[in-house]
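Chains A and B are the protein sequences, given in the same order. Numbered per the working numbering, the first sequence spans residues 1 to 235. Numbered per the working numbering, the second sequence spans residues 1 to 221.
Please keep in mind that the hints were generated in silico from the structure rather than gathered at the bench. Any given hint could turn out to be false.
Said to hold, decoys possible - One side of the interface only, derived from the structure: several residues of chain B facing chain A at Cβ under 8 Å: (1) F61; (2) S64; (3) L67; (4) P161.
What the hints assert, rightly or not - Output of the computed footprint for chain B on chain A, the stretches with three or more beta carbons under 8 Å from beta carbons of chain B: (5) 69-76; (6) 79-87; (7) 191-204.
Every value quoted in this text rests on a predicted model; they were computed, and no experiment measured them. For glycine and all other residues, C-beta sits at the position ideal for the given N, C-alpha and C.
For reference, the chains in residue letters:
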Amino acid sequence: MAILLAFAAGVVLASYAGFREFLPGLIEGAWVTVQITVLGAMLAVVAALIAALAKMYGPWPLRWLAIAYIEIFRGTSALVQLFWLFFVLPHFGIVLEPLTVAVLGLGLNVGAYGAEVVRGAIQAVPRGQWEASTALNMSRASALSRIILPQALVAMIPPWGNLFVELLKATALVSLITLGDLAFRAQQMNQTTLRTVDIFSIVLVIYLCLALVLSQSMRALERWAARGIARGRVA
Amino acid sequence: MLWDWNYTFEILPELARAALVTIEATLIGFVLAATLGLALAILRMAKNPAISIPATVFVEFIRSTPLLIQIFFLFFVFPHFGITLSGFTAGVLALGVHYGAYCSEVYRAGFENIPRSQWEAALALNLGIVDTFRSIIIPQAIPPVIPALGNYLIALFKETPLLSAIAVLELMQTAKILGSESFRYTEPITLVGLFFLVMSLVSAALVRLVETWLGRVGRRV
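With these hints in hand, go ahead and build the complete structure from the sequences.
The following block contains the structure:
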């Protein structure tokens with residue numbers, strides 16, 4: 001289904017006159033979009049793991065810090081967070097590059113949602129696994145890192161796939177803090193050429209293709225990670 | 001001086017007015033999303049593939065492209081087809097369509113949870129498709145998914161700052177203008193952030209309340 005959709009979109013695009021004219025500039029923008037998505041995703045995974053572990057097992061100051069982080073970043077808009085990092089932090093003497101703001105803002109935002117995903121996946125590991133670890137005389141830390149987390153990581157791949165697509169779509173916001181991503185290039189070209197229909201149609205299709213590539217590769221990762229895990233009824 | 005209280009009180013009335021625009025956009029957008037989502041979910045269930053496949057493709061397309069580009073599309077591209085929308089209309093329409101696609105998935109989950117026997121009973125009672133949906137399926141499918149819809153209401157609310165990109169005078173745009181007038185961004189943007197945080201936390205608590213209430217009602221039956 002997804003492949004068919006991408007193929008149809010490609011055929012429509014290839015028969016388009018504006019395709020050759022606008023594509024080089026838009027691909028440059030798409031490259032920035034991909035960079036922010038990849039860097040943001042890495043930050044999000046790290047932030048989510050730290051925040052979830054701190055919230056579940058940390059001493060109370062760390063736990064409260066993690067809860068505050070998760071609630072603040074989930075409770076406010078991604079755009080407000082980006083503007084805050086971009087416009088307000090300089091008043092405190094911290095001037096960040098737009099690319100840094102983009103990766104930091106979006107990565108932390110998605111990381112806050114991801115923390116709940118991580119927590120859910122860890123809690124979904126059966127209690128018996130903890131008990132078996134205790135029976136084998138493992139410390140809590142090594143049980144967590146060697147028994148619980150490896151199983152939880154497999155379970156959290158599908159929701160992370162959804163979050164990464166959300167992240168990809170949220171990168172369009174960085175065009176509003178002057179970063180030259182796909183959305184920014186589109187607006188720039190629109191202002192100079194006024195070929196609005198062509199440009200925005202191509203841009204929508206590029207985002208669609210990026211999202212499809214992302215979700216398909218997450219599905220491949222899911223299959224790879226789940227190999228050897230017995231699931232479902234015995235036939 | 002990092003935080004200027006006088007300036008804070010000076011800009012509060014203007015931000016409050018803008019907050020009303022934000023809330024208005026949220027409510028109209030969500031009514032649109034809830035209605036469109038239901039229509040899309042029903043269309044996707046159609047037996048005729050000429051109806052169900054375009055509806056599915058539409059939902060997938062909307063869900064995998066950024067809301068910001070969709071807003072630009074409505075605002076900049078539609079005038080080329082002779083449909084000129086004001087910033088507010090285009091923004092609210094884009095919010096409604098985007099979250100309509102998400103809501104349709106929620107409704108779909110609700111419909112899939114209806115036992116097959118309900119459909120069979122409706123058929124046995126010789127109810128038409130309209131009556132089946134209106135009196136049998138929808139009344140049972142909607143209540144369990146209300147919390148999920150509530151979460152999308154909160155998500156939609158948090159996306160309204162995107163309307164600032166097409167110069168709608170909602171909260172974010174007003175804060176940006178105030179900031180550029182006084183070169184003090186700290187207070188307006190922090191206040192906007194606080195507003196969203198408080199509203200989101202309060203509405204998340206409300207959704208949880210509705211959830212427990214629905215759970216209790218469900219058990220009593």
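Here is how each hint holds up against the structure:
The beta carbon of F61 of chain B comes within 6 Å of a beta carbon in chain A, closer than 8 Å, and the hint placing it at the interface holds. Taking 8 Å as the C-beta contact cut-off toward chain A, the hint placing S64 of chain B at the interface holds, the least distance being around 4 Å. With 8 Å as the threshold, the beta carbon of L67 of chain B comes within range of chain A, its nearest partner Cβ sitting at about 7 Å, so the hint holds. Satisfaction of the interface hint for P161 of chain B is found here, the shortest Cβ-Cβ separation to chain A being roughly 4 Å, below the 8 Å cut-off.
Only residues whose C-beta sits within less than 8 Å of a C-beta in chain B count toward coverage, and the region 69-76 of chain A has 5 of them, enough to reach three; the restraint holds. Chain B is given as covering the region 79-87 of chain A, and this holds because 6 residues of the stretch bring a CB closer than 8 Å to a CB of that chain, at least three being needed. For a cut-off of 8 Å, the count of residues in the region 191-204 of chain A with a CB near a CB of chain B stands at 6, and the three-residue condition holds.
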